[in-house]
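Asks: Which chain is which? The protein sequence lines are A and B, in order. Each step along the first sequence adds one to the number in my numbering, with nothing skipped, and position 31 is 31. Basically my numbering = 1-based index in the second sequence + 102.
Keep in mind that the hints were calculated from the coordinates and are not lab data. Watch out, some of these pointers could steer you wrong.
[Stated by the list, open to error] Think about it this way: if two alpha-carbon atoms lie no more than 27 Å apart in a straight line, the pair counts; the simulated BS3-like pairs of lysine-lysine are:
1. A:K34 <-> B:K179
2. B:K179 <-> B:K248
3. A:K26 <-> B:K248
4. B:K131 <-> B:K179
5. A:K34 <-> B:K177
6. B:K131 <-> B:K177
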Amino acid sequence: MSELDQEDRGARLSADAQSIIGRKLKAMYDEVVKEPVPDRFLDLLARLDGGSPGAGSIGGASGEAAGAADEAVSTTFSARGAVDGASSAQASMLAESRDGER
Amino acid sequence: MSQPTREFREGLVAEIPNLRAFGLSLCGKPDRADDLVQEALMKAWAASESFTAGTNMRAWLFTILRNVYFSQLRKLKREVEDADGSYAASLSVPGGQMARLDMNDFQAALSLLPPDQREVLTLIGASGFSYEEAAEICNVPVGTIKSRLNRARARLTAILAIEHVSDIGPDAATLAATA
């Protein structure tokens, strides 16, 4: 099927179908947008900024941070500019997760 | 390298909710979406000097996140296809049931689209970017954005088995909806 045919088919989609898809997509997206920002990201930015994370969030986020650190090992090797930042963030997350276990 | 400004950091924090939603639309898995966001935030932090204050930070961050996603996708291509294939096989949506689909079903259907179509559908249909902005984020011509969007809508309609709505025509559909 040529691209033109596909576009033609797209153009003939009923307004009903498009509006149902549009509403579902937006609802799914907005559901996530409305969620509070997880501590994981605020802690990450605080560390990148050289500051210390909020004291209240350390205990609850430590397990998640340990998982994030594991992930960082496998996903950051290709990050050119971010490698240094990633490994220092990862090191401090590991340190924090050990603190959390005590 | 100078430290990013406080405004830059606040800008990042303000965009995290949209980045998470975009990430989830792209990869379909909440944990993986947040890993994408984390990776994007670290890259953005390291590249803060390449961001021009006063320009569209959301578009800049979305570009970083989608580049992280597509570069991982290329690396993990086979693994991802296997996972999506088994997901596809487990998905069964009876015809005409779309109005009753819950969000998980819709997300599952979305995951069956090719990633580049899913991306454009989200950028235009949910994030509210213009065709031109989406073209810049995806680094393709505007015409490509439009054709991906049309293909995404057509394919999603077919997956969700609502083609019958257009088959019977708008008049019949309206009658059915108001009956």
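Asks: If a hint holds in the structure, say so; if it doesn't, say that too.
Replies: Checked hints:
no.	hint	result
1	A:K34 <-> B:K179	31 Å, violated
2	B:K179 <-> B:K248	25 Å, holds
3	A:K26 <-> B:K248	19 Å, holds
4	B:K131 <-> B:K179	16 Å, holds
5	A:K34 <-> B:K177	32 Å, violated
6	B:K131 <-> B:K177	18 Å, holds
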